[in-house]
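Engineer: Read off the chains here:
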Amino acid sequence: MNFSRSVFRVAIAGTALALSLTACSSGSNQPGASNVPNGAGKDGPVLQVYRGGSGQFVENYNPLSPTVLKDVDGLIYERLFFFDNLQPLGTEPTPELGKSYKINDAGTVVTVQLQEGVKWSDGEPFTAKDVAYTFNTMRDNDALNRTGNTPKAEATSDTEVTLTFDAASFGTVPTILGSPIVPEHIFSKMADITTDTNLKPVGTGPMKPGDFTAQSYTYDKSDTFREADKVVPAGLRYYSLSGNEAATNKLLAGELDWAGINIPDVEKVIKSKPDLHLQDTTNQQVILTTCSNAKLGCTGPQTSPAVRHAMAAAMDRDQINKLAYFGRGVPISPTFGVVPRDNDLIDKAFPTMPMTADPAKAKSLLEADGWKMGSDGIYAKGGERLSMAAVVTSGYTDYISALEVMKQQFKEAGIEIVPQQQANAEVTSARGLGKFQVAIDSVFDGPVADPYYIYSNSFNSANLVPVGESGNPYGNTSKFSNPEVDAAVQAAGATQDVAEKAKQYAIIQKIIVEDMPLVPIINNKGFVMYNDSIYTGWKLYAAGGAEQTLLQLKLK
Amino acid sequence: MALLRKLGFYLVALFAAVTFNFAIPRLLPGNPVDILLGKLTVAGPVSPGTRQALEVLFGSDTSTPIWQQYIEYLKSIATGDFGVSVTYFPTPVVDVITSALPWTLVLVGLTSLITFIVGVSLGTVAGWKRGTWVDSIIPATTILHALPYFWFALVLVYFLSIQLGWFPLSGGYNVRTSSPGFNGPFILSALYHAVLPALTIVVSSIGGWILGMRNMMVSTLSEDYVVTAEAKGLSPRRVMVMYAARNASLPSFTGFAISLGFIVGGSVVMEQVFSYPGIGNAFLLSVQNNDYALMQALFLIITIAVLFTNLIVDLFYSVLDPRTRAHR
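Quick note, the sequences are listed as chains A and B, same order.
Heads up, the first sequence is in UniProt numbering, so the first residue is 1 and it goes up one at a time.
Heads up, the second sequence is in UniProt numbering, so the first residue is 1 and it goes up one at a time.
Hints were generated in silico from the structure; no laboratory data involved.
Hints may be right or wrong, so weigh each one.
For each label pair, taking beta carbons as the anchor points, the in silico distance ranges come out as [claimed, not checked]: (1) A:M373 x B:Q68: 35 to 45 Å; (2) B:R26 x A:P483: 31 to 41 Å; (3) A:Q87 x B:S179: 38 to 48 Å; (4) A:H277 x B:Q163: 21 to 31 Å; (5) A:D166 x B:W67: 36 to 46 Å; (6) A:P340 x B:Y192: 33 to 43 Å; (7) B:V42 x A:P340: 53 to 63 Å.
Here are a few chain A residues that face chain B, going by a calculated C-beta distance under 7 Å [said to hold, decoys possible]: (8) T175; (9) K348; (10) T352; (11) V528.
Please read all numbers here as calculations on a predicted model, not as lab measurements.
We put the CB at the ideal spot given by N, CA and C, even for glycine.
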């Protein structure tokens, strides 16, 4: 264990060094020798893509498998609708295999009208039976039922399918309608759908598989795609690289058209390359998760809400943003609604967190809670110092520097945190068991722009286990429990009326802002990069929007 | 009889290693499902039932008693069926290893051999001609040996690949112009891609061989039998190679034997820097993902390789050095 960790640290140090090296290599640019078209006719050059693959690729074209190759779900297989979670709640999804859908008022039945005349790449017609087969298979197989709430499906005609949920499921509908649809005539012949790697995939999407090697694989344009004339690139090539440093080198050398790489201080790194641009695609709301609930076994000063509020007040978010996020972060709302996207769903009583520190406020909060300043400059109560261990995964450099900055800032307010770097597996295990005091991590977007997903995941007592029992390390890790919040989450999940949702969210927001089990730090926008020297019209999405991106690309 | 005793010893060592193999990964905190879940969470929205679905899929059954798992494990070793890798789900562990192993064996194996031969030869000459200008290669190579070699690799990448563009940045071969197999373009491309990684290994490890060999040469040269050989009027070359170098190289052979076994373990850091598709990469990923099946198989292969090479060298040693032969 020690061996591998130290090696890992060395690798991380190497990564950082390579990044700083490449950051100053402005003079070198290999012309795009890479972008030789391998398709014939009027198709454009093959897109060179890196989307975070490392190690060896596994030839797995089964979109129902968790280890499927990147963008098989999206380029070979399509969903009924594509939901863009960067747009405000209520935005209509983009139809793919579906044409339109209706949900009944109870939120239990969804009727979907399908596109007509769509064909699978082997020439078989696509019908409602394929859709019904897909959902019924997911429902009947525990290993595939990832929503835990897959509907019963019935093909009512060739182009209409009815999905029946067991309970009101407005929250699950986007995930279901955004699931890849597979052909019944192929998948029903598999011995075990969960482990079959589907080496000859038959899909409806714009691409079909090309070459595969463990280091790189390609997609070739599919001529049977119904909008094939709108697809310009002759294909895509995906790479496996060892990580950020190798990917950044390749990007700066002009060898990648499309890259999801988390580069620190990215704007400076790509400044000298006029062809490279970035688009924000995700909201990573960085937080301090506290084990907050003493009733369920949490121990330490952070079980007091006053301490959590004091930490929130003692943070100088501007400084954290500058030092850990290179100024790319934006203010965060204590309600975890994303500003300005979710403005309609955030109670006006809760502005975004101040970007400057207020140690005086932090101190008065602590003193009102009975803490007394000790001789070492750290508060104490009943012999217990206001000192907490803060776990962070080693190698996650942004989290580590944010914690180090906060450690200094908290000292001003008489609070001590002790950052502890641990291997990812250790941190994950500690979070699952609740055996931590403070952890730095993030909450991420849901399938559509609705804080419902954050509330029902991180604040819902349905996801709760006491400290010491193995729970979901990405669920309700703060051990927060409040019956009013549970009821409001349930009520919000049973309506699609935005105004009614906002009303329920106001109830939740008042309670979670007062209790603050997750201390908000900053909203760090995730981004994807592209090179527009060959293609223009780049529109990038968070997850699974590859088909939509592809349809908008034009040759420069 | 001596041979049997030796084999018996290696069998006991193998059994102990195999048992540790079983125990160590199980002492790691966490489980593969939660680690995959973490990756999925970062990649996009994750539905609430995902954790349970993955548990069913990976068959993470913790209710089987540990002794039963151990028996299953011993059975799997005997049959060569190491199960399915979680990192590369649903690929069998054996396939993961067989596709990564050739890269490591060829690159690290060949470079280790080159380093050893060149290092020992240079060391022989340096010891023979001690006190002349040849001695200056000692400090020069020792400095290179002392460099952290991932750093040296990064420097090579920066100057030779990024700045001058002479060598590829990363990877095992050019994935765009060739495909793996026994064909000209692929072999040429693989060799071209192997230059920098090989250079890194050779430069960073040759110093040790030279220094060790040179010092042994110096002390061997003062032995009586060398003086005798010289007095007999044998040619200097024969004295150097057959009398001095043959005896001086014994410790180097031991070192080489041990390093041979570790070739199979790959070169984790070098493979990271160059995105090289070898065992080291698979090893790192298996540990990061709590991939017990893959970890066990990799540990096992490394153990067997180290034991096996040690056995071979043990046997070979008695040919080289008659003193180590067991007395009947």
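Engineer: None of the hints should be skipped; say for each whether it holds.
Structural biologist: Evaluated hints:
no., hint, result
1, A:M373 x B:Q68: 35 to 45 Å, "violated, 57 Å"
2, B:R26 x A:P483: 31 to 41 Å, "holds, 40 Å"
3, A:Q87 x B:S179: 38 to 48 Å, "holds, 42 Å"
4, A:H277 x B:Q163: 21 to 31 Å, "holds, 25 Å"
5, A:D166 x B:W67: 36 to 46 Å, "holds, 41 Å"
6, A:P340 x B:Y192: 33 to 43 Å, "violated, 52 Å"
7, B:V42 x A:P340: 53 to 63 Å, "violated, 24 Å"
8, T175, "holds, 5 Å"
9, K348, "violated, 27 Å"
10, T352, "violated, 23 Å"
11, V528, "violated, 12 Å"
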